[in-house]
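Engineer: Turn these sequences into a full structure, and let the hints steer you where they fit.
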Amino acid sequence: MNKDIVAVVLAGGVGKRFWPIRTYKSMIPFLGKRLLEHNISRLANAGFHSICVIANLEDKEAVESIHIDNTKIDIVIQKQPLGMGDALLSAHNYINSHACLVVNAEDVVDDALYTKLIEEAHKGNAFIVGKKVQGYRDLGYLRFEKDKLIEVVEKPGKGNEPSDLVNLVFHFFPDISVFLKLLKDTVSDKDDIYERALSAYTQQVATNVIPYNGYWYPLKYPWHALDIMNYLLRTYVVNHRGTKVVIKENVILEGQVFIDDDVKIFENTKIVGPCYIGKGTIIGSNSIIRTSHIGDNCVTGFNTDITRSYIGDGCWFHSNYIGDSVLEGNVSMGSGTVLANLRLDEGEIYSVVKNEKLNTERMKLGAIIGKNVRIGVNASIMPGVKIGSNSSIGAGIILGRDIPDQSFCFGTSTLTITPNRFDIASLSRDELKKSL
Amino acid sequence: MNKDIVAVVLAGGVGKRFWPIRTYKSMIPFLGKRLLEHNISRLANAGFHSICVIANLEDKEAVESIHIDNTKIDIVIQKQPLGMGDALLSAHNYINSHACLVVNAEDVVDDALYTKLIEEAHKGNAFIVGKKVQGYRDLGYLRFEKDKLIEVVEKPGKGNEPSDLVNLVFHFFPDISVFLKLLKDTVSDKDDIYERALSAYTQQVATNVIPYNGYWYPLKYPWHALDIMNYLLRTYVVNHRGTKVVIKENVILEGQVFIDDDVKIFENTKIVGPCYIGKGTIIGSNSIIRTSHIGDNCVTGFNTDITRSYIGDGCWFHSNYIGDSVLEGNVSMGSGTVLANLRLDEGEIYSVVKNEKLNTERMKLGAIIGKNVRIGVNASIMPGVKIGSNSSIGAGIILGRDIPDQSFCFGTSTLTITPNRFDIASLSRDELKKSL
Amino acid sequence: MNKDIVAVVLAGGVGKRFWPIRTYKSMIPFLGKRLLEHNISRLANAGFHSICVIANLEDKEAVESIHIDNTKIDIVIQKQPLGMGDALLSAHNYINSHACLVVNAEDVVDDALYTKLIEEAHKGNAFIVGKKVQGYRDLGYLRFEKDKLIEVVEKPGKGNEPSDLVNLVFHFFPDISVFLKLLKDTVSDKDDIYERALSAYTQQVATNVIPYNGYWYPLKYPWHALDIMNYLLRTYVVNHRGTKVVIKENVILEGQVFIDDDVKIFENTKIVGPCYIGKGTIIGSNSIIRTSHIGDNCVTGFNTDITRSYIGDGCWFHSNYIGDSVLEGNVSMGSGTVLANLRLDEGEIYSVVKNEKLNTERMKLGAIIGKNVRIGVNASIMPGVKIGSNSSIGAGIILGRDIPDQSFCFGTSTLTITPNRFDIASLSRDELKKSL
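Protein chains in written order, with this note's numbering: chain A, 1 to 436; chain B, 1 to 436; chain C, 1 to 436.
Incorrect hints may have been included.
[To be verified] Some chain A residues close to chain C (C-beta under 7 Å, calculated; not the full set):
no.	residue
1	A62
2	F302
3	G336
4	D345
5	G396
6	G400
7	L415
8	I424
FYI, nobody ran anything at the bench for these hints, they're computed from the structure. Note that CB positions come from ideal geometry on N, CA and C, so glycine has one too.
Structural biologist: Take a look at the structure:
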């Protein structure tokens, strides 16, 4: 029976608001697996054994590498990022006439929701998931008429919310053909064909609303990766020691810490879980790592403090403070460089996205750094700053603005050089030595 | 009998030369008690059970909160800071016709002196305390005629010292009325009415000089708080562990360390006594604290070095070096910020007080920072710099001058941004990894 | 028999290309002995018991202090630095008519070569040592005619090498008189009299070539001291604990670590050998020292990382990173100062020597710092930078150029001071404290 229900996973599109992170949102690895794979596994665990992933061409190989027991995974490439409607239509041949649950590849929710969804899907009625929210959010709100869902109103504006339920993309169509036809017939000059078709669908087919009050976070801006990380760390990290792990003297491991194969942890270092340490990573001595995700083959060096941060593969640190930051991968920092994570006025941190200054709603946020970045020694990177991939940042600077991809940003301090008036050779340190 | 002798404690006035510290000198807390309370306790311990404190209105509540067994403490508010003479006259109703020992609230001396003073007071003769000094100091020098004290000469100038004894304000009057009358009759356009009246008194009443060669330090400039702290740490700190104290693995405690209630000390940290750690303070991991006073509810963070410093309540640090500094309270510093405490030429450190560049006579002196100050990451604060209260100091700057109260001081480094010429993605770290 | 063979050690001359290191190359101390003494000891161990050192006047005392059992050491002062030919001629009276092995004082080779050389010298035939090299080097190449050595060609230029063997200065003359005469007769306007005379000699006297494929490194530029150090550390350092050594709790010593008398090593510090720690040196807590040479009476302070570096006597550090650097002696650094040792593009590091930008052929190189230098806090010294002796470097600067001797180099950051708009006193840290 289950085989007839296809989970259609929307994993294509562009993530412009996710700059400087270039990895497509659902392709970001967490705990050794891409987010997409986490979500497919969870769908499969709940009972969805037929999965159709609609992905970008560049991610084809990554998606193909996903194998889950007793689960059929079809891959459809969406040729251009023309939205969710186009994505579904791309998969027409694979899904037509099937019962389909359409989900976003990057949405993270509680396992309980998946279990609920498979149960509901077996009942055979159309449904969508509605989440109660407090305060206005720029999402799609559900409109009801006499308890009947009749429309999803996109971003109605504060005060115009038709209900306190917002649309999560867990949409079940007992026969997707009906919805695909509506998609084909919908015309819009905005990127809302899917939503318009969905509203039309609800008017045509009685659509239940499954209420959900658990965890859900939109992975819209790159700092949202920290929320997803936090959820996954708290939910999935268990104490684990891989093979060939070396843990030196006086290493303190508190809470749940997953240590993958070939990891080395040097002396006098403390790791406060939940933490994930990827394969082959070396954690230097006299360091502290708290509530963070460290990818594969990193070298964190001596005396580094990594707190509540997502660190991708191949990053190298040395006596740094990295707080509440996202580093995509292959980022190196010289000794003494700090990713500051708190404003002097302790206010919420802003970040510029597509020329708009946005409130990240975070009191603590460090930097967001793309792939392949080098930062010199003693640099000070201000909260919320974003650094594009393939860029180099010089030593000693105060960086308070975003830096584009493939840039070389350096500072020079104004130096004055005069003859030295005093005779250093004659100074005695005997007095100083006494006070040691 | 003792009850008839009143110790009159002068705790009022202004401390302009104490900027940026706003807490009135004798109100600064040390080891959990204000300096005033330390001194009153010591007077009471020596046998002075009737105490009259003359204080500023704003400190009324603080003074009222002082309770000492078997000791009567009267409080007189000095309405305006018009000097010591005015202070005594303010207390006229409380002290008139009593035998009175007049002392400065902030003067710190050895316990032995207090014991000596109560003995002498019981003998019933007027006296003052004279301290032998070496080298000229800007103090009041005692002038004698045929071994009889006849005058206190204020700041006679180098070479004009009438003796090598200076006047400490431990002045005993068998009947204060005589002195109060002289105070009332003295007219001066300078702030020296008390001293003039004292000289007149010595000519009228035979006044002994009690010699004293122990510890005494004028709390005149804010860096003097370090000397007082040092004396109190060495004299009063004993090993103590309060209730609900948490001390993690591999914490090294050397010498006398007072740890108050609810303190947490994290791993791999060393505390070298004498040190005082106030209530609720969290000492981070991989840190070192030496010969310092840390107030209540501080968080010293990871990898911080605090050496010979006075830290008031509610300060937060993170990978800082704080050497020979005074922080009044609620001061926070970002990671990597350093309060430098040694000149490059290892000379004595100067500080500007009321537009005058003063030699602090200290080879090691860090910063003096008022209440409610925020400093960003990687800032370098030069020796002897003072920062006013309610001010913010930006990241990465070199601060070589004083900053007024309620200021926002920030730096911007000159950045040059060009296209990055090299392909970071292609760099291999295999060779570097071998050399780890 | 041995007594007739004199080892003539050339220890004179100038080391202009060695700036900012002023100590003459062979006089640099390694592992408690000057390089010259290391080499004389090794000659004596191999069987050369008659040694003639030709040195500069300023090093006379240092050479005279060298005493080796059963070995006669003569000292000849070379009055002016006029080259190797002049040096030998200066020693005419001491060495004439002897069998002589001429060696450079600073050349470091394997012990096996010394043993080979004494054997060959006893055979009585003239020889020089030829080392096979790969790729072109600016050295003297051996030219052969029908297997007979006939010339040493200085710096022939790439592609013009007459063989793949280069001349090492281990030259044996059965009767030095013959060579001295040739030296006297040679005229040149370049600094190549010795080499010209040597070529003439090979044409006159059949001269064997002793092949050598072991360790040899020219001590030409100051960063070469790191190569010599590395060889000596790996070859000679053994585990040793001197008298009155104090090693505190949780100190980790890995590999071979020589700890001389009166050394103190504080808590939570790791030393990874081979390392040499000189007399009276204090290694601070929470530090790491790897593959380095630390001279006498240094104080490395709290939280310092010294890696693959040569540290001369009397250096003081405090929370610094010192990587792949050479510090001649009496150098101090403030907290947070970093000697960066890797370019952002991970390319080979260049250094300017006598106005020429040279490729050091090192991917990792920090700074080269002369004697008596002070560096403030939080300074960033770029890879390959050289700082002259008796110079002071201010806090917080980015130093990307060489600094001459006796200079005072300081930076000032551009500060903007405005009224502080926000009320720091009203900020609450309760939320922040929860997340600790």
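Engineer: A separate judgement is required for each hint: does it hold in the structure or not?
Structural biologist: Hints, one by one, checked against the model:
no.	hint	in the structure
1	A62	violated (28 Å)
2	F302	holds (5 Å)
3	G336	holds (5 Å)
4	D345	holds (4 Å)
5	G396	holds (4 Å)
6	G400	violated (13 Å)
7	L415	holds (6 Å)
8	I424	holds (4 Å)
When each numbered hint is compared with the structure, violations occur for hints 1, 6.
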